Amino acid sequence: MPVPDRSAISASDTVVELTGVWKRYRQKQRSAQLREVVRTMLRPTVRTIEALRGIDLQVQRGEIVAYAGPNGAGKSTTVKLLSGLLAPDAGSVRVFGLDPVRDRVRYVRRIGVVFGQRTELWWDHSIAASYEWKRVVWDVPRDRYERMLGFVKELLGLDEFFHTTARELSLGQKMRADLGMALLHEPEILFLDEPTLGLDVLAKRQMLQFVKDLNRERQVTVMVTSHDMSDLEQLAGRIVMIHHGNIAFDGDFDQLRRAFSDRRRLLIETAEATAPRLAGADLLHSAAGRHEYVFDASEVKIAALLEQAAAQAQVLDVETHRADIDDVIADIYLRWQHDGKAQALATDAQSSQAQPAAPPAPTDA
Amino acid sequence: MANGLARALLRILQLWRLYGAMDVIWIARDAKTFITWYITDIVVNGAAVTATLLLAERFSGIGPWAKSQVLFLLGYAVLASGLLDPFCNYNVKYVSRRLGRGQLDHTLIQPQPIWMALLTEGFSPLSGTAALLPGLVLLVWATHALHLSVTPAWIAALLLNLLASAIIILAFSYLWGSLAFWAPRSAEEISSSALRTLDQLKSFPLDGLGLGLLGGLLTVLPVGFVAWYPCRALLGIEQSAYQLFTTPIAAAIISAAAILAFRGGLKQYARTGSQRYLSFGHRR
Numbered sequence: 001m002p003v004p005d006r007s008a009i010s011a012s013d014t015v016v017e018l019t020g021v022w023k024r025y026r027q028k029q030r031s032a033q034l035r036e037v038v039r040t041m042l043r044p045t046v047r048t049i050e051a052l053r054g055i056d057l058q059v060q061r062g063e064i065v066a067y068a069g070p071n072g073a074g075k076s077t078t079v080k081l082l083s084g085l086l087a088p089d090a091g092s093v094r095v096f097g098l099d100p101v102r103d104r105v106r107y108v109r110r111i112g113v114v115f116g117q118r119t120e121l122w123w124d125h126s127i128a129a130s131y132e133w134k135r136v137v138w139d140v141p142r143d144r145y146e147r148m149l150g151f152v153k154e155l156l157g158l159d160e161f162f163h164t165t166a167r168e169l170s171l172g173q174k175m176r177a178d179l180g181m182a183l184l185h186e187p188e189i190l191f192l193d194e195p196t197l198g199l200d201v202l203a204k205r206q207m208l209q210f211v212k213d214l215n216r217e218r219q220v221t222v223m224v225t226s227h228d229m230s231d232l233e234q235l236a237g238r239i240v241m242i243h244h245g246n247i248a249f250d251g252d253f254d255q256l257r258r259a260f261s262d263r264r265r266l267l268i269e270t271a272e273a274t275a276p277r278l279a280g281a282d283l284l285h286s287a288a289g290r291h292e293y294v295f296d297a298s299e300v301k302i303a304a305l306l307e308q309a310a311a312q313a314q315v316l317d318v319e320t321h322r323a324d325i326d327d328v329i330a331d332i333y334l335r336w337q338h339d340g341k342a343q344a345l346a347t348d349a350q351s352s353q354a355q356p357a358a359p360p361a362p363t364d365a
Numbered sequence: 001m002a003n004g005l006a007r008a009l010l011r012i013l014q015l016w017r018l019y020g021a022m023d024v025i026w027i028a029r030d031a032k033t034f035i036t037w038y039i040t041d042i043v044v045n046g047a048a049v050t051a052t053l054l055l056a057e058r059f060s061g062i063g064p065w066a067k068s069q070v071l072f073l074l075g076y077a078v079l080a081s082g083l084l085d086p087f088c089n090y091n092v093k094y095v096s097r098r099l100g101r102g103q104l105d106h107t108l109i110q111p112q113p114i115w116m117a118l119l120t121e122g123f124s125p126l127s128g129t130a131a132l133l134p135g136l137v138l139l140v141w142a143t144h145a146l147h148l149s150v151t152p153a154w155i156a157a158l159l160l161n162l163l164a165s166a167i168i169i170l171a172f173s174y175l176w177g178s179l180a181f182w183a184p185r186s187a188e189e190i191s192s193s194a195l196r197t198l199d200q201l202k203s204f205p206l207d208g209l210g211l212g213l214l215g216g217l218l219t220v221l222p223v224g225f226v227a228w229y230p231c232r233a234l235l236g237i238e239q240s241a242y243q244l245f246t247t248p249i250a251a252a253i254i255s256a257a258a259i260l261a262f263r264g265g266l267k268q269y270a271r272t273g274s275q276r277y278l279s280f281g282h283r284r
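Which chain is which? The protein sequence lines are A and B, in order. Counting from 1, position 111 in the first sequence corresponds to residue 111 in our numbering; the numbering is continuous, with no gaps. Counting from 1, position 168 in the second sequence corresponds to residue 168 in our numbering; the numbering is continuous, with no gaps.
Keep in mind that the hints were calculated from the coordinates and are not lab data. If you're wondering where the values come from, they're calculated on a predicted model, not measured in any experiment. Take the hints with a grain of salt, since some may be wrong.
To be verified - Taking beta-carbon pairs under 10 Å as the criterion, some of the chain B residues facing chain A (in silico):
| id | residue |
| --- | --- |
| 1 | 11 |
| 2 | 18 |
| 3 | 21 |
| 4 | 34 |
| 5 | 106 |
| 6 | 110 |
| 7 | 220 |
| 8 | 270 |
| 9 | 277 |
From the three backbone atoms N, C-alpha and C, an ideal C-beta is built for every residue, glycine too.
Given these sequences and hints, build the entire structure.
Encoded structure:
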């Protein structure tokens with residue numbers, strides 16, 4: 001069956017729809033005690049991990065959505081559910097109105113998947129051979145294939161290594177080749193799981209630019225997971241943060257900063273070497289009369305901090321800027337770790353579109 | 001129905017052409033690789049039957065089997081397992097490796113039924129044929145030495161039984177290999193263990209064993225159907241010509257069991273997925 005023509009595709013704006021999705025894993029617990037061996041063999045202690053706890057999520061056609069969260073938050077589980085590799089225990093997963101598991105063959109024609117830590121390329125064959133393999137297996141009509149091949153070769157700069165075997169490529173080249181291959185059948189949605197993992201600065205920049213171009217020129221919907229928040233901020237207009245299987249935030253990056261505190265940096269240069277003590281700001285470091293503080297601008301006014309500084313020292317210069325997104329996220333993760341208030345924070349976040357639903361009884365995994 | 005079947009057949013041929021071409025490109029990339037690959041494979045397959053061959057030579061046969069009959073058995077055994085090699089490369093034959101290493105995901109994101117992917121993906125008409133040559137030589141030699149009456153019906157029966165034996169080997173691998181759906185780490189190599197067991201026993205005549213043991217070797221561990229039983233039928237040691245159909249019937253039953261186990265495993269996979277991923281061995 002050939003790849004469906006784009007004109008035949010439903011024009012509905014919502015392409016991804018997760019409703020009350022639960023996913024649980026059972027994990028056997030191992031004892032370190034020898035005397036426990038027989039007991040754990042006969043009656044193993046099983047811990048249930050709730051990877052997703054009734055999440056609701058919608059993605060509109062043409063969006064780039066960053067999907068972020070700490071390790072073990074449920075990101076990869078979501079990507080697997082959306083790729084048809086896993087079925088939910090409860091709730092429903094629909095993409096283009098299709099069930100990714102039940103309608104797998106029809107569905108995977110319309111999606112592209114790139115897992116950063118694995119490759120779809122044929123190891124001992126040239127990129128050209130892998131691409132030809134893709135054309136035949138996906139049954140892409142020759143003219144569409146040639147058109148898309150020209151597009152990805154140009155934008156990803158594949159010409160220089162197109163006839164080299166995958167095993168001889170650098171990580172960045174392999175990643176570009178993998179991304180190009182995922183696009184040859186013109187998917188309507190692209191799932192990228194850690195696509196910049198291990199890439200150097202230049203390769204990362206090329207990859208991000210390509211995804212942006214792809215989205216702009218071809219209106220391909222993109223869902224991307226990464227631990228690199230700066231990457232995600234460059235790429236996506238919307239960020240969905242997941243924590244302990246719940247959607248803890250859903251909005252844009254500015255809203256994220258505001259929702260979780262408006263963290264700012266304040267750099268003060270004084271004539272004295274000793275750093276002034278500022279109530280409402282934490283001193284990060286101080287050297288040679290330059291003192292850097294971090295504070296929450298939603299709670300403390302800059303003017304008040306400067307007043308305090310001026311009262312204690314002769315202020316020579318002042319700089320203030322917003323905290324780096326990585327710092328904001330690190331702060332959030334730290335806060336989650338400490339007080340586990342993800343759900344409360346999600347409610348606080350005005351921008352949050354998707355609230356965790358009252359949990360239905362999940363089926364046993 | 002007929003249209004669907006024709007389309008599926010055409011698709012299989014199209015994919016075999018693709019994978020066949022890739023195999024030729026791969027193995028023929030330089031003469032050294034090509035020659036080394038073939039020589040080592042022929043030596044390995046020859047060595048696998050040497051013990052039985054030497055026993056038959058030393059004692060002028062094994063049990064009720066004359067030396068030439070043992071040769072026929074050996075040729076048949078090598079051919080039956082060798083028939084899988086051109087179709088089951090890339091660990092298609094050792095399915096537990098794919099499951100245990102989390103590599104089924106690569107198959108699941110392809111827009112085709114899983115059976116179609118597994119049937120075609122391992123096609124390697126050039127690199128996978130090294131075992132066929134020694135098997136064929138032994139079989140032809142023994143057939144000639146035994147002065148068998150080679151009629152079209154006999155050749156058809158031989159081919160049918162060879163195919164059935166090959167299917168039994170593959171089904172046995174899938175039957176055990178499906179355990180890797182439930183225990184990916186500990187069962188990762190179970191297909192290779194199952195196939196190794198069949199491989200070690202396939203070239204011995206099983207006559208003279210007690211009924212219980214023989215029953216086990218025709219059911220639980222169906223090594224009897226890999227060569228011994230069909231060879232008895234083909235050489236006329238079995239009295240009834242109907243015995244020629246026993247191996248194909250056994251192949252159908254074991255395949256059905258393997259399909260059921262694999263489908264059950266797929267349901268389990270949709271629930272749990274794979275928690276591990278190892279890249280080696282998937283794309284050679």
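Taking the hints in turn, this is what the structure says about them:
Taken as an interface hint, residue 11 of chain B checks out: its beta carbon lies about 8 Å from the nearest beta carbon of chain A, inside 10 Å. Hint status for residue 18 of chain B: holds, given a least beta-carbon distance of 5 Å to chain A, under 10 Å. About 9 Å separates the beta-carbon of residue 21 of chain B from the nearest beta-carbon of chain A, less than 10 Å, and the hint is met. Taking 10 Å as the C-beta cut-off, the interface hint given for residue 34 of chain B is violated, the closest approach to chain A being about 14 Å.
For the restraint placing residue 106 of chain B at the interface with chain A, the shortest Cβ-Cβ distance is roughly 7 Å, inside the 10 Å limit, so the hint holds. Using the Cβ-Cβ criterion of 10 Å, the hint placing residue 110 of chain B at the interface with chain A is satisfied: the shortest such distance is roughly 6 Å. For residue 220 of chain B, the shortest C-beta to C-beta distance to chain A is roughly 25 Å, which exceeds 10 Å, and the interface hint is violated. Given the 10 Å rule on beta carbons, the hint for residue 270 of chain B holds: about 4 Å separates it from the nearest Cβ of chain A.
With a cut of 10 Å, the hint placing residue 277 of chain B at the interface with chain A holds, because the nearest CB-to-CB distance is about 6 Å.
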